[in-house]
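*Asks:* For this one, chain A is given, so just place chain B on it according to the hints.
Chains as they are written, first to last, in our numbering: chain A, 1 to 111; chain B, 1 to 115.
Source of the hints: derived by calculation from the structure; they are not laboratory data. Any given hint could be a false lead.
Pairs of lysine-lysine, PhoX-like flavour, derived with a Cα cap of 25 angstroms [said to hold, decoys possible]:
| no. | chain 1 | residue 1 | chain 2 | residue 2 |
| --- | --- | --- | --- | --- |
| 1 | A | K68 | B | K44 |
| 2 | A | K42 | B | K44 |
| 3 | A | K42 | B | K27 |
| 4 | A | K37 | B | K44 |
| 5 | A | K22 | A | K57 |
| 6 | B | K44 | A | K22 |
| 7 | A | K37 | B | K27 |
| 8 | A | K68 | A | K110 |
| 9 | B | K51 | B | K27 |
| 10 | B | K44 | A | K71 |
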Amino acid sequence: GENVEQHPSTLSVQEGDSAVIKCTYSDSASNYFPWYKQELGKRPQLIIDIRSNVGEKKDQRIAVTLNKTAKHFSLHITETQPEDSAVYFCAACRGTDDMRFGAGTRLTVKP
Amino acid sequence: NAGVMQNPRHLVRRRGQEARLRCSPMKGHSHVYWYRQLPEEGLKFMVYLQKENIIDESGMPKERFSAEFPKEGPSILRIQQVVRGDSAAYFCASSPGDAGAGTQYFGPGTRLLVL
Numbered sequence: 001g002e003n004v005e006q007h008p009s010t011l012s013v014q015e016g017d018s019a020v021i022k023c024t025y026s027d028s029a030s031n032y033f034p035w036y037k038q039e040l041g042k043r044p045q046l047i048i049d050i051r052s053n054v055g056e057k058k059d060q061r062i063a064v065t066l067n068k069t070a071k072h073f074s075l076h077i078t079e080t081q082p083e084d085s086a087v088y089f090c091a092a093c094r095g096t097d098d099m100r101f102g103a104g105t106r107l108t109v110k111p
Numbered sequence: 001n002a003g004v005m006q007n008p009r010h011l012v013r014r015r016g017q018e019a020r021l022r023c024s025p026m027k028g029h030s031h032v033y034w035y036r037q038l039p040e041e042g043l044k045f046m047v048y049l050q051k052e053n054i055i056d057e058s059g060m061p062k063e064r065f066s067a068e069f070p071k072e073g074p075s076i077l078r079i080q081q082v083v084r085g086d087s088a089a090y091f092c093a094s095s096p097g098d099a100g101a102g103t104q105y106f107g108p109g110t111r112l113l114v115l
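Isolated chain A (complex conformation):
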């Protein structure tokens, strides 16, 4: 089955700096890669996703890149703000199959 690894497990940046979180996956048939943000005590919220027919997707300060050959994808947050502080999870799946999540990255943005 799919195995997703996520790095780093914790990340601390100064407000205004960029943050990058990286994930690798094992199943070459995976074709959907979402990113979720989970604030303390809250549900995971989908923030951006990318499908395998696209190499990069951007939404304001958030971007995701996908390298299918290397089987890795990354989340980029620019101009970080304190409210970006949360745990971020990457995931991979095939179509509507069950989703396999990375272990999460705890991002702290220091004001």
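*Replies:* What follows is chain B alone, placed relative to chain A:
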């Protein structure tokens, strides 16, 4: 359009009791997934269901855990004879199940505490 609903939001059980967690998917969604999140840990897949069918239960413990998604009504995750290690947040997610889809939307979770 209401989002994914879960109830109860908090559930306290004593060891040996049964826990029933309910999930109502978003309107029009036919696929339901259950995940467990232990404190300070990530989300672990448990089971994937469509109406009246279990598609993948590879993440479910072999004993005490069961899930269903009946033709009418919510999906139910049932834990029999709970133990302290079952204490966790249980999230359900739903997706429309269209071809090329996969986007899952999460409910608020049920936080189970086993005393």
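*Asks:* Next step is simple, just say for each hint if it's right about the structure.
*Replies:* Quick rundown of the hints versus the structure:
Distance restraint check for A/K68 and B/K44: the Cα-Cα separation of roughly 24 angstroms lies within the 25 angstroms cut-off, and the hinted pair is therefore satisfied. Pair hint A/K42 plus B/K44 holds up; C-alpha atoms about 16 angstroms apart against a cutoff of 25 angstroms. The hinted pair formed by A/K42 and B/K27 meets the criterion: a straight-line CA distance of about 21 angstroms does not exceed 25 angstroms. Restraint check for A/K37 and B/K44: the C-alpha separation of about 16 angstroms stays at or below 25 angstroms, so the hint holds.
Note on A/K22 and A/K57: the hinted pairing holds, with a Cα-Cα distance of about 15 angstroms set against a maximum of 25 angstroms. Between B/K44 and A/K22 the alpha-carbon distance is near 19 angstroms, which keeps this suggested pair within the 25 angstroms criterion. With a C-alpha separation of about 23 angstroms, the suggested pairing of A/K37 with B/K27 holds against the 25 angstroms cut-off. For the hint pairing A/K68 with A/K110, the CA-to-CA distance comes to about 33 angstroms; that exceeds 25 angstroms, so the pair is violated.
For the hint linking B/K51 to B/K27, the alpha-carbon distance of about 13 angstroms falls within 25 angstroms, and the restraint holds. As the CA atoms of B/K44 and A/K71 are separated by approximately 21 angstroms, the hinted pair is consistent with the 25 angstroms bound.
Checked against the numbered hints given earlier, this structure breaks only hint 8.
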